[in-house]
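Each chain is listed here by its residues.
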Amino acid sequence: MDQGNGSEILLKATKINKSFGNFIANKDIDISITKGQIHALLGENGAGKSTLVKIFYGVLQPDSGSIEINNHKMVITSPNIARKNGIGMVFQHFSLFPALTVAENILIALDNKIKLNKVVDQITNLSKEWELFVDPFKLVSELSVGEKQRVEIIRCLMQNPNLLIMDEPTSVLTPQEIINLFRILKRLASSGCSILYISHKLEEIIELADEVTILKSGKSIATIDAKKTTTKFLAETMVGKKITELRKNIKKRSTTNIAFELKNLNKQKDHEFGISLKNINLQVNYGEILGVAGIAGNGQVELMEILSGEINCEYNNQILLDNSPIGKTNINERRKLGIETVPEERTFHATVPNLTLNENTFLTYFFKYNNTKSWISNLLNNPQNSLDECEKIIKTNDVRCPETNPLASQLSGGNLQKFILGRSLANKPKVAIFSQPTWGVDIGAATTIRQKLLDLSQSGKAVILISQDLEEIFELSDKIAVINQGVLSQIFRVNDITAADVGLLMGGKSIKKKKMETVK
Amino acid sequence: MEALILTIIATSIPLLLAATGELIAEKSGVLNLGVEGMMLSGAVGALGTVLWLENPYYGIVAGALSGMLMASIFSIFTINFMTNQVATGLGLTIFATGLTGLAGAPLVGKTIPSLPKIEIFLLSDIPIFGSILFKQDFVAYLSIAIIIFISFFLKYSKSGIILRAVGDDHQSAHSVGYPVKKIRWYATCFGGMCAGIGGAYIPLVLTPHWSEGMTAGRGWIALALVVFASWIPWRIIVGALIFGGITIAQLVGQARGWPIPSQLLSMMPYIATIIALTMISGRLSKNNSVVPSSLGRPFFGSQ
Amino acid sequence: MITFVPREKISKNWIFIAPILSIVFTIFFGLLIFTFLGYNPIETLYQIFVSPFSRIDRISDILVKACPLIIIGTGLMLCFKSNVWNIGAEGQFIMGALLAGFIALSFPNIETKFFLLITLITGFIGGALWAFIPAILKTKLNVNEILVSLMLVYVAMLFIDFIVRGPLRDPMSFGFPLSKPYPEGALINKIPFPGIGFLGQLHYGILFVVLLIPVAWIFVNKTLGGFKINVLGSAPQAAKFAGFSQNSITLTVLLLSGGLAGVAGVIEVSANIGQLQPEVSFGYGFTAIIVAFLGRLNPLGILFAGIIIATVKLGADNAQMTMGIPKVVTGLFEGILLFFLLTGETLQKYKIKWSERKYKWKL
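Residue numbers (the working numbering), protein chains in the order written: chain A, 1 to 520; chain B, 521 to 823; chain C, 824 to 1186.
Hint data in this document are derived by calculation from the structure and do not stem from the laboratory. Careful: at least some of the hints might be erroneous.
[Stated by the list, open to error] DSSO-like cross-link-like pairs, simulated, lysine-lysine; straight-line CA separation at most 27 Å:
#1 A:K84 / B:K678
#2 A:K328 / C:K1063
#3 A:K452 / A:K201
#4 C:K1174 / A:K27
#5 A:K73 / A:K15
#6 A:K373 / A:K336
#7 C:K1063 / A:K392
#8 C:K936 / C:K1013
#9 A:K118 / B:K678
#10 B:K702 / A:K113
#11 A:K336 / C:K1045
#12 A:K216 / A:K227
#13 C:K1063 / A:K430
#14 A:K368 / C:K904
#15 C:K1063 / A:K336
#16 A:K263 / A:K428
#17 C:K1176 / A:K15
#18 C:K1174 / B:K702
#19 C:K1063 / C:K1045
#20 A:K35 / A:K263
#21 C:K1176 / B:K702
#22 A:K263 / C:K1063
#23 A:K368 / A:K328
#24 A:K27 / C:K1172
#25 C:K1172 / B:K702
#26 A:K368 / C:K1045
#27 A:K115 / B:K675
#28 B:K630 / A:K113
#29 B:K678 / A:K113
Isolated chain A (complex conformation):
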């Protein structure tokens, strides 16, 4: 704990403990934040970062421990109390109400009595002062992710906070928006407001923070000066072991044979909050990875439904596999043709949480046991049939199970994702399509998963990777396209485009670039 620099301590927490059932989320955590400081909280998924800040904001109650604000002991029993004490929070998944307008959203988070039109005035003033432009009369459901974040920040600023907590704010922003956000945060800090900044991105922390506390498995393992450290040191402290680098085969087997193609695809949105896909063209060759970058909610889900075959195309020739039209085939016909998809949602979409792994294997394998000649065994086609296949998937993919054949819900995120990926790969696909494959999994599992994607392309298969993690896109892809508002950009070779350009495209701006010469 550094009190030596003489600055006043705003918030001091000692021995915070919190557990959910048997799971210990926070264990004896000590942390102190000085006034005007940008304090980063670093840790892997599940390290206990979100739990800790939810305790500070009064959403959760600690099992034990004490919190002092300005040297006064506080029991923060609700967010209202937190706000009264000058604590504001911007949530990772936002705490906004889509069916309400921006002004209504802000009004209900204010504790004082105030009229709606007064709120509108204040929003206009604040958004001018801080360059956070939003239309107070728009419904939140109509806003982009970046705009939603601005609404949350304005909502906090309305209360003149002393401490602003930000939970993974950059995961939904373009690089340009991130620069903008950092400018605002630094300006806030210099005006005396402390910032508790949660992230698992190391460069950001080094760039932004004054001090960083590292959490691991619910414990605080180090508090260090962010200005005097390196990303490498942070990474190794956070993970607790050396991080294995990806094995990249320099000599790739990238071919010029087009494996999978999408032609002039249009799809009207089928519900109000959806995104319409507009004239999408895309092709991927055998032996390469095509990365589709973009901020969540720009049509990735809709694109994935079309690619997987959960929804059919209007015309059969809008999707070509090896030059033959398959646009009207359903998802199981595509599996038989060698196209495998891994959707973004691990539970409730890729798997059924309250079914066993065996049953979840059967979920995408049932048709394989269907072509027997005896009608009686065909009639009695049930999950028993997939027991062997399931065991094989578990073994070859190092899926760690708490018991034999557990429920899908009993697996950790990383292990479940390994199972899902393994289940797809066991089908030996020619074309594999992944959406956000490492979203929310720990670094170890993420590395394994990325390695599998690389290996797949290096063995000559075509891979499409839809991801909002730019780092991941650049690390794995041979070619990159960007999706924004349902429109897919042209496809660039990875060496022809910079992260900044991709960022511009993600934000809907156009860039001047020489068009990639057509590969023939």
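We have chain A; now place chains B and C onto it with these hints.
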């Protein structure tokens, strides 16, 4: 003609009240399928109380309290014990049918005095118009007042916005610091109160004696009315009047000896409900922002 | 203050404990209400729960009453498992009985019992057609199946009333709203026991239940169809990912449950009434909802649940005759039972934790 319109209005008031109450509950994210049961309890509560105290106004209070009692049973299970709302609502209606049958048994064959009409000074003397709008009973005025209040409450008051927020995304409402469960309790009980008064209106004005299951599906029609109104309060008035009209039309038809069997005429309100739901559902599935997003989903608290 | 903490592991014994605890709690609260309303609790308890077992013919009457409940409950199980809320089984029951009755009365002289096969199939079709209305509206236009199926109950009740008082009324019925009696071929006989004779009303319709339960068990647990229903009910998105069509599953379960309710209607009328009358159901379609839940959406469970609920129904009949308690009172028990069963489902997933109330919310 005038008498006909008055009967239509009287028939639509129970629907109007029950649907308004349910609208508030649904706006907070609670789907209470027990409206039929709450109305029955309101009816039997009102009947018993009026027989005992011999003042129809106490019947309104008793109806409201009975409805609220039923709503609190529903709230305990769905909100606190997080049970499935559809099944619990069904259970509530089944439970209330049994309970009111038991409680109503001693009341069979007894008749209660009707709720008096209140004439509003001068206004009620306007020809035709006056007696329709300004010569109604207390509950009729009350139900219009409730609709107007609800419209403004939901749109302009902070509490109303909070209520909608809870129905829109309960997790966010919790994160912002609102007591989701408590707000839902209030909304459900308000719904129960309205349904109870609506149920009480049936013996107080329409048929002044008890018979088992005397609400005859009005609670279910009220549920359909909320969908029909796309969760917009004033549209409930339109819907309730249409259904009142259909109900009366079939009664008139039976009285005047239309050449259609009476049973087929009696089916009309139910068939009309199905048609209305069908017409509105096609539009709703495209424009789903009017349906409260958290509707029917239990809130587990945060972790 | 009570809070709920998720269980790490779902307790297996709880599957059996929960229904038993629910029944105990229900009896307790039911008696409380009876005492409050001025009835003798012990006497009520005896009449409702013990008297149905007092004679062997009464026990067989339990089976007779349980028969339609189990058949309908099994159909509803398929719906509820796939998250489709068919609550109009009562109407499907009536329409099944009505359509089969129409066929039966069209052949007034038929004697062969093979004719029963035709009436049963007709009954299935009748019930399925009635369920087809909510099914098609739900799958094509996304209309709420709860309200539609329920509205159709009222329509079916009025319709059978109209038919029995009108087109199908027996001119010889002295003004009573009754159809002609069914021909011999459309009647289900009582089972004769050598040396004893008949046991109450016990009839051959029971055989259908004996057949249905194992078939239903195999369908749910050992076939792709059962798996599809399970997946759709737990995770509709995952069903899409597996390539199962939500619409065709919804359609299938509604038609199956409607059809089974129709068959139950045929059996009930053919075995116990022998002709059509305005009232054929006595609420079996609604009671079967409770049976499906009490049986924990499992065919074997539904078998036991049907018997338990039938006992209470018969007991309530006895209580009405001896104590003058209206028999709708069974609804009271059914409602409370459903509340506790649903609570049991929550407690299967969550543990209760008592914690001190540290603060009060302010609005």
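Holds or violated: B:K630 to A:K113, with C-alpha atoms at most 27 Å apart: Measuring from Cα to Cα gives roughly 53 Å; hence the hint is violated.
Straight-line alpha-carbon gap C:K1063 to C:K1045, limit 27 Å: Status holds; Cα separation ~21 Å.
Satisfaction of hint between B:K678 and A:K118, Cα-Cα up to 27 Å: Since the Cα atoms of A:K118 and B:K678 sit roughly 13 Å apart, the hinted pair holds (cutoff 27 Å).
Restraint check for A:K368 with A:K328, where alpha carbons must lie at most 27 Å apart: With Cα atoms ~21 Å apart, A:K368 and A:K328 stay inside 27 Å; holds.
A:K35 paired with A:K263 [C-alpha distance capped at 27 Å]: Violated: A:K35 and A:K263 sit about 56 Å apart, past 27 Å.
Distance restraint between A:K263 and A:K428, which requires alpha-carbon spacing of 27 Å or less: Holds, at about 25 Å.
27 Å limit on alpha-carbon distance, applied to hinted pair C:K1176 and B:K702: holds, 19 Å
Holds or violated: B:K678 to A:K113, with C-alpha atoms at most 27 Å apart: Holds, at roughly 9 Å.
Hinted pair A:K115 and B:K675, Cα distance within 27 Å: OK: A:K115 and B:K675 at ~13 Å, within 27 Å.
A:K263 paired with C:K1063 [C-alpha distance capped at 27 Å]: holds, 24 Å
27 Å limit on alpha-carbon distance, applied to hinted pair A:K373 and A:K336: The given pair, whose Cα atoms are some 19 Å apart, holds under the 27 Å limit.
Straight-line alpha-carbon gap A:K368 to C:K904, limit 27 Å: Status holds; Cα separation ~25 Å.
Figure legend: structure checked against the earlier numbered hints; hints not met, in rising order: 20 and 28.
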